[in-house]
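*Asks:* Protein chains in written order, with our numbering: chain A, 17 to 192; chain B, 5 to 191.
Since the hints were made in silico from the structure, they are not lab data.
Check the hints yourself; a few may be wrong.
Said to hold, decoys possible - Sample of chain B residues at the chain A side, in silico, Cβ under 10 Å:
1. VAL91
2. ARG93
3. GLY95
4. ASN96
5. TRP97
6. LEU109
7. VAL116
8. ALA118
9. LEU125
10. LEU126
11. ILE130
Said to hold, decoys possible - Listing some non-contacts, in silico: residues in chain A with all C-beta distances to chain B over 10 Å:
12. ASP107
13. THR143
14. ARG144
15. SER175
The structure displayed is predicted, hence computed values, not measured ones.
No residue lacks a Cβ here, since even glycine has one placed at the ideal position from N, Cα and C.
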Amino acid sequence: MKRFGRWLIPLLPIPALALLAFGLTRDVQVLPSAIVGEAAPEFHLETMAGDSLTLAGLDARVVVLNFWASWCIPCRQEHPALVRATEVYDDSNVRVLGVLYQDTPEGAERFMRRFGGEWETVLDPGTRTAIDFGVYGVPETFFIDADRRIAYKHIGPLSWEILQTKVDSLLAVGGA
Amino acid sequence: MRRLALLVFLLLMLAPESALAWKQEEGMSAAEVDQLSAEVAAQLRCPVCRNQSVLESSSGLAREMQSVIRDRLASGETPEEVRAYFVSRYGNWILLKPEPKGINLLVYLLPVAALLFGGVLLYYRIRRWTGATAPGPQASLAGLEVPDADPAPTQEGRAAEPTSPDGDGGLSEEEEEWIRQQIGSLG
C-alpha cells in the first residue's frame, strides 16, 4: 500500500495540469456556437426602406446574413467583401442581407452612403433577431443554405476569400 | 359609520389585487415575473462581458436579453424553458453554472474527490508521524550525533536536542553513556 502510494503521488498533478494546459491554450475569443447546423430562426423585420421582409420570403439559394452596425469599425473592414459579393453573385443565387445591430437607421444610412453597397439591411428592434441567432457582437455573418439551415457562422470581419469559399461550397452542394 | 369606513378600507386593500387580476389569469403577477426573470438573468452569462451575469451587466445586449426573459416568462414559459432557449442559441456556455451532465460533472466531482483524497492522505500521514515518534528514543535519536567533548554542549544546546516524547524525563542509555564519558575525561 505504502509503495503504491509513493508512486502515485508524483503522478497526481498530471491530470490536473493537463486540464489546466488545455484550458489555458484555448482561444477565449473563439466562442462555441450552438446554432450552426440548425434551422435558421425565422424573422419578420422591416428594411430601412420600410419594406417587410421574412427569411422564408427570400428566394436566393444562399443567404448571407450579416449583423452589423455603423459604429462597428471591423464592419468597415469587411464591407468591401460584401460589396464584391453582390457584384459577383447573381441575386437568385446569393442574397446579401444586413441586420442592423443596436444602431439607428440614420447611422446605418450614412454608413451605406459613405461606403457604398446596394443590398438591404433590416432593422432589429429590441435585438430580438440577433439574440435568436445567438449573436455575441458585430460583425457576425451567417451563411444560410437552400434548406434555410445555418451552414456556417463567421465571427469578426469577413474577407472576400472566406466569403467566396463558404458561398461557393454552398452553391456547389445544390448543383449549379 | 365605523362599519362603512371598515368596508371602504377593505375595498381599498383589495383594489390593487383586482387591478392585477388580468395578469394573474395569465399565471403570474408583474412582481412575480420580475422576480423570476431576475433569477433567470442571474444564471445567464452576458455574451459581451467576461463572467458577468445578464442581470449584473448594463450592456445593451444584456438589457435586451433581460427583456426577452421577461417577455417569455410573462407569456407563460417556465424558467427552464427560457434557459433552454438561450442554450439553444448560445450553447451551454451561456449558463454561468454548467449543468451537472457529461464532462461537466468533473467540475462538481473533482473538488470533492480531491478533498477526500487529501483527507485520507493527511490521515495516514499524521498517523505515520505520530506513529514514528511514539516508540520513543530509538527513532528520535537515530540522527543524533554524539558530540565530542569539545565544545561541550551548553544548556541551550541541550534543550534543542530531541528528548524522549513519552515524557518520562529520563536520559537514554546513549546520553548516560555520553555523560559518563564526560565525567571520565574530567576525572
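*Asks:* Each hint needs a verdict: does it hold in this structure or not?
*Replies:* Hint check results:
Below 10 Å, beta-carbon pairs count as interface contacts, and B:VAL91 has one with chain A at about 7 Å; its hint therefore holds. With 10 Å as the threshold, the beta carbon of B:ARG93 comes within range of chain A, its nearest partner Cβ sitting at about 4 Å, so the hint holds. At a threshold of 10 Å, the smallest CB-CB gap from B:GLY95 to chain A is about 4 Å, leaving the interface hint in force. For B:ASN96, the suggested interface contact is upheld, since its CB lies about 8 Å from the closest CB of chain A, less than 10 Å.
With a cut of 10 Å, the hint placing B:TRP97 at the interface with chain A holds, because the nearest CB-to-CB distance is about 5 Å. At its closest, the beta carbon of B:LEU109 sits 13 Å from a beta carbon of chain A; the interface hint therefore is violated under the 10 Å criterion. At about 14 Å, the closest approach between the beta carbon of B:VAL116 and any beta carbon in chain A exceeds 10 Å, and the interface hint on this residue is violated. The interface hint given for B:ALA118 is met, as the beta carbon of that residue sits about 8 Å from the closest beta carbon of chain A, less than 10 Å.
Interface hint status for B:LEU125: upheld, as the beta-carbon distance to the closest one in chain A is roughly 8 Å, under 10 Å. The beta carbon of B:LEU126 is not positioned within 10 Å of any beta carbon in chain A (closest approach about 13 Å), and the interface hint is therefore violated. With a cut of 10 Å, the hint placing B:ILE130 at the interface with chain A is violated, because the nearest CB-to-CB distance is about 14 Å. Remark: the non-interface label on A:ASP107 is consistent with the geometry, its nearest Cβ contact in chain B lying 29 Å away (cut-off 10 Å).
Against chain B, the non-interface label of A:THR143 is violated: not every CB pair exceeds 10 Å, the least being about 4 Å. The claim that A:ARG144 lies off the interface is violated: its Cβ sits roughly 7 Å from the closest Cβ of chain B, which falls inside the 10 Å cut-off. No Cβ of chain B approaches the Cβ of A:SER175 within 10 Å, the least distance being about 24 Å, so the stated non-interface status holds.
Hints 6, 7, 10, 11, 13 and 14 from the list above are not met by this structure, while the remaining hints are.
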